Structures are given as C-alpha cells and as structure tokens.
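Mapping the sequence shown onto my numbering, position 84 (from 1) lands on 75, and the numbers just tick up by one.
Source of the hints: derived by calculation from the structure; they are not laboratory data.
Treat the numbers as computed from the prediction; the structure is a model and nothing was measured.
Heads up, some of the hints might be wrong.
Here are the computed distance ranges between Cβ atoms for each label pair [claimed, not checked]: (1) R52 x T12: 14 to 20 Å; (2) T9 x R52: 26 to 32 Å; (3) R27 x M(-8): 14 to 20 Å; (4) G21 x R41: 15 to 21 Å; (5) S7 x C33: 14 to 20 Å.
For every residue, glycine included, the Cβ atom is placed at its ideal position computed from N, Cα and C.
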Amino acid sequence: MHYHIVLSVDGQEDCSGTFDTWKDAEEAAGAISRIRDDWLPCRYPGRSWRVGEVAVYLDRRTGDGIARRELAVIRCHVDGREPRPTCCVSGG
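Make a model of the complete structure from these sequences and hints.
Put into structure tokens, the structure is as follows:
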C-alpha cells in the first residue's frame, strides 16, 4: 500500500507525490496546502465518494477570481483486496 497526494485546480488533477506511509503523505499535503498565500485550505476527513481518500484540504470560499482547489491524500492498495483509485504511478 502507498499514498498519493493529488492536487486539483479547477478540475485539472495532478499527482503531487507518492509516499510509503500515511504520516509522510499527510505532512507533505499540509505543507503543500500552505505554500500559496491566496488559498485558505481547511482539512476534512475522507469523503466516501472518492475511493481510498483519507484526507482532503478544501478552500470553501466562493466568489470571483477564486480557483477551485483541493488537495487529497489517497490510499492506493496494491494487493487487490480492496477497490483502489486510478494509481498515479503505472503498475499500481
């Protein structure tokens, strides 16, 4: 099992890293979410509609000029026992 950080800006997703432990992925996600001054992210627990998601950082503000951003930590199972999201790394 490993963890991906997926950054989504206005619907465009980009894999921002792959980590062996949840702790490492969570620390990296927190750091990435604090890089931009124009983003006010709030951490939420995983949502059931995204397979494997264990945490997500969302900016819930609305209005002109605010990009829709989210940063998700996704658990990727490689042993085939549980459903898994599309893996950022080919081969799983």
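Here's how the hints hold up against the structure:
The hinted range of 14 to 20 Å is not satisfied by R52 and T12, whose Cβ atoms lie roughly 31 Å apart. Roughly 29 Å separates the CB atoms of T9 and R52, a value that falls within the hinted 26 to 32 Å. The hinted window of 14 to 20 Å between R27 and M(-8) is violated, with their beta carbons roughly 29 Å apart. At roughly 19 Å, the beta carbons of G21 and R41 sit within the given window of 15 to 21 Å.
Take S7 and C33: their Cβ atoms lie about 18 Å apart, and the range 14 to 20 Å holds.
When held up to the earlier numbered hints, the structure conflicts with 1, 3 and fits the remainder.
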